[in-house]
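Okay, here's what each chain looks like letter by letter:
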Amino acid sequence: MAKAEPVDILIVGAGATGAAVAWRLGQAGLDVLCLEQGDYMDPAHYPSTRPDGELASQQEFHVSPNVRRREADYPINDSDSPIAIANFNAVGGSTILFSGHFPRFHPSDFRVRSLDGVADDWPIDYQQLAPYFALNDRMMGVSGLGGDPAYPPIDGLLPPVPMGRLGECLGRGFNRLGWHWWPAYAAIATRPHRGRPPCINLGPCNTGCAQGAKASTDVSYWPEARQSGVRLQTRARVSRITLDAQGKASGVLYFDADGNEWQQPARLVVLACNGVGTPRLLLNSACPTFPDGLANRSGLVGRNLMLHPLGYVEGLFDDALDSQLGPQGCSIYSHQFYETDTSRGFVRGYTMQLLRGPGLLETATTGFLRREIPPGTGFHAALRERFGHLAGMGIIVEDLPDPDNRVTLDAELTDSNGIPAPKIHYTLSENSRHMLAHGLERGKEVMRAAGARRTAAFGPVRHTGWHLMGTTRMGNDPARAVVDARGRCHDIDNLYIVDSSVFVTSGGVNPVSTMQAIALYIADGIIARKRSAP
Amino acid sequence: MSSVLETGDRTLSVLLGDLLPPDVGIAAMNTDQLVAFAAQHARTSQLEALQKIITGECTDASFAALDAPAREAVLARVRRKHLKAFADFFLLALQCYCLDPGVRQAFGDIPGAPFPAGRDVADGNLELLEIVYERGPIFRVPPPYPASETRLTFEDPPPCS
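Just so you know, the sequences run in chain order A and B.
As numbered in the working numbering, residues 1 to 534 make up the first sequence, in order.
As numbered in the working numbering, residues 1001 to 1161 make up the second sequence, in order.
Only chain A is shown next, with the shape it has when bound in the complex (with noise of 0.2 Å):
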């Protein structure tokens, strides 16, 4: 096995919270080396550059690493989950195929012991992370309307993502019903932003943004975390993490695109490879000091696993909105069932995600296999009824923490390295379909005040597994927390996690800005380590 030369930081991971910290961690001057398993994608590849784009999102962009099978994808054993996980593995992680759909937690999300009586308070909160959630803001370049009564005050956001006649449309719905809704946040530049192009409309986002204009993190942290001096090294897999015989982290083993195994060895190691890829390796790293997996004394590693179950709610109308255009994720939102209203028959809440229509292919496939579209003369009628005329709404529904619900070793199933793969263990909670079914009628309802002729609702959506949380979570008690609130591990003092993995409990919105601030935020505290014991 070959030795590389050590380093005083390393990084496992270059997606949402890998390139934040690596960034952070660059700007203060720090010797940093990040390993990512996948590649740099070429933005002049990605469906939205072809006309046949919509294909490519069932296929080489598929959401599941099972259906995708890239070379930079490991398998996951989801059969024993209702909901597949779904990644992207690349420099950028799971932000190349991200909406970009951009709220954070609200302060409540920090304190839901305190407040309602489950799962636990984390043991920071949402104005410790304000600065951090800012600072985030503008790297991304998010963009949004001030003012919303959801949220504290949040500025700086560039000017708001077009809600479109769509959004108009179902703003009408939500005002009639005396609902709140707002702009949504989006990670999407709407004027030049730090060297990237706005927004063109080129495509629906959530297959890679050739434009530019989303902030994947490979052109949003990536180019300035490289031009302070961090590097990244591309189709290098992490296969485990090694201990000095201090018990002390002492860098990774790792597999070149070549297969070559390496050992790299480094001062401090940071990990950033999400919720399910995060225990997966400390898993892997079971060692004689740690027999069940490393900084693993608690039992918590791959427990609590969070997924944030989604339904979806359609409705067609009879005016033409122009649903097809725009950002996919990114149109209006609403939190009026957002806070614990114990009257509803759960407590928490949801969010309600306006989506963008479907596009030309999706409409008549969907429509043909759920017998709204015939083959024949109706044909082109019918689908001239629905492309355009399709409004969704993603229904996300916050998870509360069960330790059943786990990420385990998979006893057979292993990546093209052979490393062992993760497999997925998840039931929805009583809580979570209570949740789920109130979302789902709620959503029809808008629909419907919106002037919707038709409308349909489903869920859990089998393909949405973005959000994978609480797997090594935070707490000040060894006993019951993996990391402490500096996102240190209680074991091992000098291996930090900063993914969504530390995550207590699961809020009811896209986690990627409440992770990245958190990620700044660990990344301080490291930097203030450093500057104190160099």
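Among the clues, some could well be false.
Unchecked claim - Pairs of lysine to aspartate or glutamate, DMTMM-like flavour, derived with a Cα cap of 25 Å:
hint, chain 1, residue 1, chain 2, residue 2
1, B, Lys1084, A, Glu372
2, B, Lys1084, A, Glu60
3, A, Lys444, B, Glu1130
4, B, Lys1081, B, Glu1048
5, A, Lys248, A, Asp484
None of these hints come from the bench; they were simulated from the model.
Fit chain B to the known structure of chain A by using the hints.
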């Protein structure tokens, strides 16, 4: 049975004419285009499978030689007895059809990727938000932490650009 790529059998073209007939501004689906598309995506077997099933359902005459009501009856039987094969075939045909520039143009999906100029999204009326704003905040403010619990801060964070 010979491949649909090689045979002069008109089953496929007549079938496509029935399933995706011409419409305003849209010609009948081009059989060669579908055959090439299926080959490109390694799904020629789905064309051949349905062709074989249809041929098997037509005992007295070829599918192409039947009149329209008779073909409709055959297709109804095929859908009932061989739903998956029919669905696989039709979904493949839809993929080829809906990505065709002429079809996209006819449905108003052009301009679109990769040349989006003119694909503009209406701003929408932001005045509709006044009533939402006027109702006031809807988020909860958590109680302060107990005095015994100190909040972690980093007093000297590095500057950032």
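Going down the list of hints, with the structure as the test:
1. B/Lys1084 <-> A/Glu372: holds (17 Å)
2. B/Lys1084 <-> A/Glu60: holds (24 Å)
3. A/Lys444 <-> B/Glu1130: At roughly 24 Å apart (the allowed maximum being 25 Å), B/Glu1130 and A/Lys444 satisfy the hint.
4. B/Lys1081 <-> B/Glu1048: holds (17 Å)
5. A/Lys248 <-> A/Asp484: holds (16 Å)
No hint from the list above goes unmet by this structure.
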